[in-house]
Amino acid sequence: MNKAIHLGEEIYALVSRLYPICRSITGNGVRESFAILSEHIPLQVREVATGTKVFDWTVPREWNIKDAWIKNERGEKIVDFKKCNLHVLSYSVPVHAKLSLGELKQHIFALPEHPDRIPYRTSYYKENWAFCMTHRQLTQLRDGQYEVCIDSSLEEGHLTYGELFVQGKTADEVLISCHTCHPSLVNDNLSGVALATFLARSILSGEPRYSYRFLFIPGTIGSITWLALNESKVRNIEHGLVLAGVGDAGKFHYKKSRRGDAEIDRAAVHVLKSFGDFGVEEFSPYGYDERQFCSPGFDLAVGCLTRTPHGQYSEYHTSADDLNFVRPEYLGESFERCIAIVNLLESNRVYKNLNPKCEPQLGRRGLYQMIGGHEGGKRKELALLWVLNQSDGEHSLLDIAERSGLPFELINEAADALMEHELLELCESNGGNT
Amino acid sequence: MNKAIHLGEEIYALVSRLYPICRSITGNGVRESFAILSEHIPLQVREVATGTKVFDWTVPREWNIKDAWIKNERGEKIVDFKKCNLHVLSYSVPVHAKLSLGELKQHIFALPEHPDRIPYRTSYYKENWAFCMTHRQLTQLRDGQYEVCIDSSLEEGHLTYGELFVQGKTADEVLISCHTCHPSLVNDNLSGVALATFLARSILSGEPRYSYRFLFIPGTIGSITWLALNESKVRNIEHGLVLAGVGDAGKFHYKKSRRGDAEIDRAAVHVLKSFGDFGVEEFSPYGYDERQFCSPGFDLAVGCLTRTPHGQYSEYHTSADDLNFVRPEYLGESFERCIAIVNLLESNRVYKNLNPKCEPQLGRRGLYQMIGGHEGGKRKELALLWVLNQSDGEHSLLDIAERSGLPFELINEAADALMEHELLELCESNGGNT
Amino acid sequence: MNKAIHLGEEIYALVSRLYPICRSITGNGVRESFAILSEHIPLQVREVATGTKVFDWTVPREWNIKDAWIKNERGEKIVDFKKCNLHVLSYSVPVHAKLSLGELKQHIFALPEHPDRIPYRTSYYKENWAFCMTHRQLTQLRDGQYEVCIDSSLEEGHLTYGELFVQGKTADEVLISCHTCHPSLVNDNLSGVALATFLARSILSGEPRYSYRFLFIPGTIGSITWLALNESKVRNIEHGLVLAGVGDAGKFHYKKSRRGDAEIDRAAVHVLKSFGDFGVEEFSPYGYDERQFCSPGFDLAVGCLTRTPHGQYSEYHTSADDLNFVRPEYLGESFERCIAIVNLLESNRVYKNLNPKCEPQLGRRGLYQMIGGHEGGKRKELALLWVLNQSDGEHSLLDIAERSGLPFELINEAADALMEHELLELCESNGGNT
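Residue numbers (numbering that gives the first Met the number 0), protein chains in the order written: chain A, 0 to 433; chain B, 0 to 433; chain C, 0 to 433.
Errors might be hidden in some of the hints.
Said to hold, decoys possible - Distance condition first, Cα-Cα at most 30 Å in a straight line; then the derived DSSO-like pairs of lysine-lysine:
#, chain 1, residue 1, chain 2, residue 2
1, B, Lys125, C, Lys379
2, C, Lys232, A, Lys356
3, C, Lys232, C, Lys168
These are calculated hints, taken from the structure and not from any lab test.
Between the sequences and the hints, there should be enough to build the whole structure, so can you do that?
Printed below as a string of structure tokens:
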């Protein structure tokens, strides 16, 4: 637990470093962020040129921004991009003009229901410019002339994404994906970016059975781009998780893959349940990049892990999703769940009982109490009996954990003990890319 | 809605015209009723001769009645068929006799638990005669001589039924069946007879995908007769509904077909749910003509739509099932549900997403909002995403409506929009008689 | 009901005769018990030699005991095997020694939470000796020298079990198994032994469709021995029940077989439900000999019938499980349930409706009321309609009882009536060892 808290603080520190950078679906803010991630993991940074066709989409022009402001008649900056990068509609085209208040208001987004928050807005695929500000400030603007400036560029360039592949013992892959396109928003999704980074670091330090592919990509266009350019790799993906919104105080939620009963779905639910209260959401084709991974042409077993789900907290996509909204302990808890899910997938094998006719005599192998007559039923012995009873080559350890109601870890330890005593064998067909 | 109310009044007016006629499973009352229906729809009236073998049954002799009464010693008619045709046991053989009160009582049916109602009773397959009267009147009869007269005939003749076939674009049929054998009883089943008539008129005015077959038949012997004489047509019946008891104030109930998960079962439940509170009953081999359509040798996908189910209201099969018990607005609501079920069946196709790998870019097609960042999730856009995600050639629009929790209509409109933009294609194997 | 009470008393009388005998998994106490059972049924007594290999196990040495006691310094017997055979750890090796109180306590079992009960303990597979006594007595023991004596023998010999095979019309078998290894414990499991005896007697008096095999075996090693020595017979076992704990006041519980939806599982649940409140337990590989019958190499359709389940009553495996804990009426109720389950299995056939197109005319066969119009729905007529509707060669009478919600008996009687009228035929493939 101490380790989880400590890790939570490390993850939070990374989030804090990434926070001030202005990211979008393309541009230098993304590259700057990947440079920081590269201090932790050997990230491959990929550049895909503007205009590249990716299925029904086209990689857009690259957007960069240096500055932006609104000045009042007295020349005072009343809105300043340098103070908060949410002030500018992402992908705003350059503008420098004088406008009346009425004209200016055509280019302002605010949130009347949260008057002190700056909203986050984007216009990637339609040329536009706008500012975002608090509703309080908007209502205080007096009639008059305003000078607006957005010193941005929208030019041929690249879409930048990060990828890290960890070779495991098999070619079967676990995909971990997070979106990197948001500017100064913490829970959505610097929390996911930083968690994926530390998860990658942890997996790099082991010798996993599965191969792991981490994607740090802009939402929607990033997953579409990766899938379009890597179609041949898709069939290796056995299990996948999209990580987003993993730093707030809310309870955990797992959103199932389109398949609904994939191993990742059952694994995530089993793990979250073992830690306490949690929520499950059925698949819907709205949300994060699971939308693309679960499109019918791929139908991958990719679910989504969050704390409070997508859009269900009022701070979502506003300036209130800041460094106070996310806490180290929540990030640490998220790391724990992810590692437990990974461990479950790694250990979830199908075994065959080598002594399938009646129970083997566990007592003489030191696996069972020798004084009979009192109600045993100790969980450890029960786990041994369950693994023996269900290991007919058809049931995985997760199947057995679910049927028995015992924790996966206990079932896994029982399988290990029975393997040691040569009472089980691993089914060969299991764990390969079938 | 106004249209539904207006239609409810038209349906009620037809019910009112049919009400006074004395119908039974055969006879001139049925012919007279069909003459009225023929003013609304081009009904084919069929005559099947007495003695015709229909599976395990034989078409019975034709029953007609001119008059019936009971006179007391003073020659006063104390029971008069001309005042209420329920007074005579249906299929009573002719009788003219003088009896003591004790002898008379052997031939009287009454309802002690509802002393002011005349019960409805029949004896189609066993020769008998009897009168039905209120329990109150029965208890007031004094000892003495009574003269009884039933001026009926039971002779070689025909069983008469009505049929209307509407040719659609495919040979696959939707069967709509109602029973026409009851005398002056309104909810059971002039409500169903009149509703089926107006439903037929509505379908005749369109260009339906399915063919529609409307049957106006006496209960049990009528469906057995039709099935026996039309066995070769049975395999075209894809979906079917028995309509009965659709004019009372009770909430709607759908009784499932023997199959239990047929498309008609799911369609009816989806439609009733979309209108509000309703009940579902599992199939049982008791009730209306679904008993015959769902016999194991046919096992048709035929359910039954009622408001209060069969036998679950105290007015059932008594003189209290009259023109006050049924109201125009309830008939109008029943018409609305039926049309919605028909529309769902007509539109329930399987499509294939032509851009199955990742989402297509809906924004540039004008199907999706262009400003991102705020929680969209508008139902219309969600419907588009659901149709795209699930249209893999395996899921019908009803499947998608059920999985998404969105109304069928919205899903159907989304499919139409996607078809217009050439993002979907219709699966050819769908909608044919497979 | 009187018959059940009378039988309960007979069963209780048998229990009472068996109670004083000191049984274990081997030895003369078992033989003595089988001699008593043989007064009721033609039991085959089998002897399997020490050292016989049975799967992963070896038949142990035979244990016999003549006497055992603990004397205090004054030579008074403070613990006396002859007063209660639970005082000795079953399979205790012989000992005769003087010990200090401290040394003695290393060889004492007691129950602090039930200070007036003697616990039941065994050590079959590890050489050991010990006494069991009440906690109250243990706490009163003073320091000093104690003389202990266990006059037992552990020698080459046999494991003794009883078997009774009743040849039925088919080779398919119903297995009834109970464990005979416990000394003076009544509910667990003299209740099961005596119930199985009377069940066997009842079945011997009939002409059953199934063959029946009754096993009276020591727990665990007995079922393993029987299975190992009779592997070729195992595939005839279609259904099975382990009987244990059937004499206490608790409500009935049925523990499902590993398969979970076998015919015996559904039959037992249907019967218990028809009698009132009851509990169902999912299979677990802990409990009685269903552990062995349901091991993955056999996976037999064997469930377990108890009243209060295994280990869930405080008297379990203590001297409080005595002749007061079990009552004749509870044994009688258990007999009733068992017979009803057997009758259900015997009658559960698949039929085919010979008039599958529409209903046959039941009225002219005297199977149906002749006056129509009033709400019939009498259960007997409903049962006829259900059997006709569902008898398509796919559904057994139990399937029909479950779907209709009607009692199996009523469905069975309906099938009999329809067979008499040649409206049904028995499906030939049914009831054979497929």
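Verification of the supplied hints:
For the hint linking B/Lys125 to C/Lys379, the alpha-carbon distance of about 21 Å falls within 30 Å, and the restraint holds. At roughly 14 Å between alpha-carbon atoms, C/Lys232 and A/Lys356 fall within 30 Å of each other, so this suggested pair holds. A threshold of 30 Å between alpha carbons decides the hint, and for C/Lys232 with C/Lys168 the separation of about 17 Å falls inside it, so the pair holds.
Hint violations for this structure: none, all hints satisfied.
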